[in-house]
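**Q** Spelled out, the chains give:
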Amino acid sequence: MSDLSEILKGAVGDVPEFDSAALAQRRRRQRRHQATGAASVLVVIATAGVLLLNTGGGGVVVSTRRPAASSTESSDASDSTTSSADTLPTPSGNTTLPSTIPPGSIPATTSTTIPGARPPQISDFTGTLTTSGTTVHVGEGVDLELRIHNASGDVIDTSRDEHPNLELYCDVIQNPGPPKKIGVAYYDGWYLPEPTMQPGADGVITGQFVPTTDFIGRASCQAVVMQLPLPRFFPEWDAITAIDPVVITVLPADGATTTIASTVPPSSTGGPPTT
Amino acid sequence: MVACRLNPVPVPDVSVSVQDMRWDGGDAAEFCEALHPSLYGSLLLYCGSREVAEDLTQETLLRVWRHWPKVSVMSRPDRWAFRVAFNLAKSGFRRLRIARRVAELSDPAHTPPDAASDPTDAIAVRAAVATLPPRQRAAVVLRYFNDLSVADTAEILGCAEGTVKALTSQAVANLRRAIGSDTNDDLEIEHV
Chain A
1 MSDLSEILKG AVGDVPEFDS AALAQRRRRQ RRHQATGAAS VLVVIATAGV LLLNTGGGGV
61 VVSTRRPAAS STESSDASDS TTSSADTLPT PSGNTTLPST IPPGSIPATT STTIPGARPP
121 QISDFTGTLT TSGTTVHVGE GVDLELRIHN ASGDVIDTSR DEHPNLELYC DVIQNPGPPK
181 KIGVAYYDGW YLPEPTMQPG ADGVITGQFV PTTDFIGRAS CQAVVMQLPL PRFFPEWDAI
241 TAIDPVVITV LPADGATTTI ASTVPPSSTG GPPTT
Chain B
1 MVACRLNPVP VPDVSVSVQD MRWDGGDAAE FCEALHPSLY GSLLLYCGSR EVAEDLTQET
61 LLRVWRHWPK VSVMSRPDRW AFRVAFNLAK SGFRRLRIAR RVAELSDPAH TPPDAASDPT
121 DAIAVRAAVA TLPPRQRAAV VLRYFNDLSV ADTAEILGCA EGTVKALTSQ AVANLRRAIG
181 SDTNDDLEIE HV
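In the order they appear, the protein sequences are chains A and B. With our numbering, the residue at position 60 of the first sequence is 60, and numbering never jumps. With our numbering, the residue at position 144 of the second sequence is 144, and numbering never jumps.
Treat the hints as calculated values from the structure; they're not laboratory data. Hints are not guaranteed to be accurate.
[To be verified] Coverage of chain B stretches by chain A, computed from C-beta distances (three or more under 8 Å per stretch; other residues unrestricted):
1) 31-44
2) 138-150
[What the hints assert, rightly or not] Derived pair list, reagent style SDA-like, types lysine to any residue, alpha-carbon separation capped at 20 Å:
3) A/Lys9 <-> B/Lys70
4) B/Lys70 <-> A/Asp143
5) A/Lys9 <-> B/Ser72
6) B/Lys90 <-> B/Gly48
7) A/Lys9 <-> B/Val52
8) A/Lys9 <-> B/Ala127
9) A/Lys9 <-> B/Thr120
10) B/Lys90 <-> B/Thr120
11) B/Lys70 <-> A/Glu140
12) A/Lys9 <-> B/Ala128
13) A/Lys9 <-> B/Gly48
14) B/Lys90 <-> A/Thr206
15) B/Lys70 <-> A/Ala253
16) A/Lys9 <-> B/Ala173
17) B/Lys90 <-> A/Ala253
18) B/Lys70 <-> A/Gln208
19) A/Lys9 <-> B/Ala130
Ideal placement from N, C-alpha and C gives every residue a C-beta, glycine not left out.
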């Protein structure tokens, strides 16, 4: 009968045909999601704004992304044509080991919890975030480098299968007031390559932020601790306030015409963390 | 202990691009079409949902498309795509879940694909795979669904080859238990 490979392939069953037009549809869907998500978050922001005003914390400027319908795609997947696919080079194992696994011979390496390590907290870290540029056109890339220092006295497991996780995170500036919630369906985030940080250890997260039209306006990249997403509808993040965020102005692709959303002062992106 | 993580996928420095490193399979559309079945199948096994798998597959292919000038000069662009896919599956799953829920709220006509047409044993196998810890799941999908070598799997997952072997072995042992005795004798595992 079947080996594991055949069992798994059989379990997949029918695979939908590749449809390049579906990619274009996805782009349109993303924009619709984003607009809807932004609307939902505005309710949250409005509520937070009222609370801030009531507590003397007024003056928060709320930026809204321009309507999705106003965006202009510089290119679209549906413009491309598809043809019969060539076969990808498929690597395969070329060494055979014994077909049975001796009981007890497998090292226990899959635990998601590192002994002695604890999840990250926003007060654990100091560091700097630098960028190769503060203005970028859609489709171009900005290199980000987050140098982070474990200023706590504990071993931190920064990137876990469970939350919270330390992330370098880029989002559109649209939700400046606490609580910080992910207001868009898609964003960019990066983790530490080596997730375990000893006390006093330094780490570097690098990433290339390549904004889509969804980010046109101003984007903020910062070090955050992403909080447990469920059962909440929107995941939440808390900024690591000891590390200044960077604000990146995202312009339409060269040749594209679009309206840029209203802007938000950079100072509004690094608000006090929620606890 | 070596942790196996799905790490960020850096876009390579194309300043060292060499013509003979280019994928010779054609343009981005051809590459995406060729990669689509294995990506979709991998993500279906990893996520357990056809809808999510299709979401993640399209998102991955969109990123391939977006970065095609750089991706096309890689010696193994499929590895890069798989890293993107599994990274999305891990860190991006929540975003897709949000997107899906928003879509459901905003589009009354939205209906998830019907999975009822899948054979029962296929559903059972996928359910068994879904019980594996994420890293075991990724390892076994890459090794046994995609027939990738230990080295390729380690590169995609960003961990040591020994870790991949351990993850795979544990995954197989767990699958043996989860799938049941009827299948136990049929799991003939080729090790690398």
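**Q** Hint by hint, say whether it matches the structure.
**A** Evaluation of the provided hints:
Requiring three or more residues with a Cβ within less than 8 Å of a Cβ of chain A, the coverage given for the segment 31-44 of chain B holds, as 11 such residues are present. Taking a C-beta to C-beta cut-off of 8 Å, the segment 138-150 of chain B contributes 10 residues in contact with chain A, enough for the three needed, and the coverage statement holds. Simply put, A/Lys9 and B/Lys70 have alpha-carbon atoms about 31 Å apart, too far for the 20 Å limit, and the pair is violated. Between B/Lys70 and A/Asp143, the direct Cα distance comes to roughly 15 Å. Compliance with the 20 Å bound is thereby established for this hinted pair.
Pair hint A/Lys9 plus B/Ser72 does not hold up; C-alpha atoms about 28 Å apart against a cutoff of 20 Å. Proximity of B/Lys90 to B/Gly48 is assessed by CA-CA distance (about 13 Å); at most 20 Å being required, the pair is judged to hold. For the given pair, A/Lys9 sits about 18 Å from B/Val52 by alpha-carbon distance, which is consistent with the 20 Å threshold. Between A/Lys9 and B/Ala127, the direct Cα distance comes to roughly 14 Å. Compliance with the 20 Å bound is thereby established for this hinted pair.
A threshold of 20 Å between alpha carbons decides the hint, and for A/Lys9 with B/Thr120 the separation of about 14 Å falls inside it, so the pair holds. Note on B/Lys90 and B/Thr120: the hinted pairing is violated, with a Cα-Cα distance of about 27 Å set against a maximum of 20 Å. Restraint check: the Cα-Cα separation between B/Lys70 and A/Glu140 comes to about 12 Å, which is no more than 20 Å; the hinted pair holds. The hinted pair formed by A/Lys9 and B/Ala128 meets the criterion: a straight-line CA distance of about 14 Å does not exceed 20 Å.
Taking the CA atoms of A/Lys9 and B/Gly48, the gap is near 14 Å; set against the 20 Å cutoff, the hint holds. For a cut-off of 20 Å, the pair hint linking B/Lys90 to A/Thr206 stands: about 18 Å separates their Cα positions. Of the supplied pair hints, the one linking B/Lys70 and A/Ala253 holds, its CA atoms being roughly 18 Å apart against a limit of 20 Å. This hinted pair checks out: A/Lys9 and B/Ala173 have alpha carbons roughly 18 Å apart, not beyond 20 Å.
The straight-line distance between the Cα atoms of B/Lys90 and A/Ala253 is roughly 30 Å, outside the 20 Å bound, and the hint therefore fails. A hinted pair counts as satisfied when its Cα atoms are at most 20 Å apart, and B/Lys70 with A/Gln208 qualifies at roughly 13 Å. For a cut-off of 20 Å, the pair hint linking A/Lys9 to B/Ala130 stands: about 15 Å separates their Cα positions.
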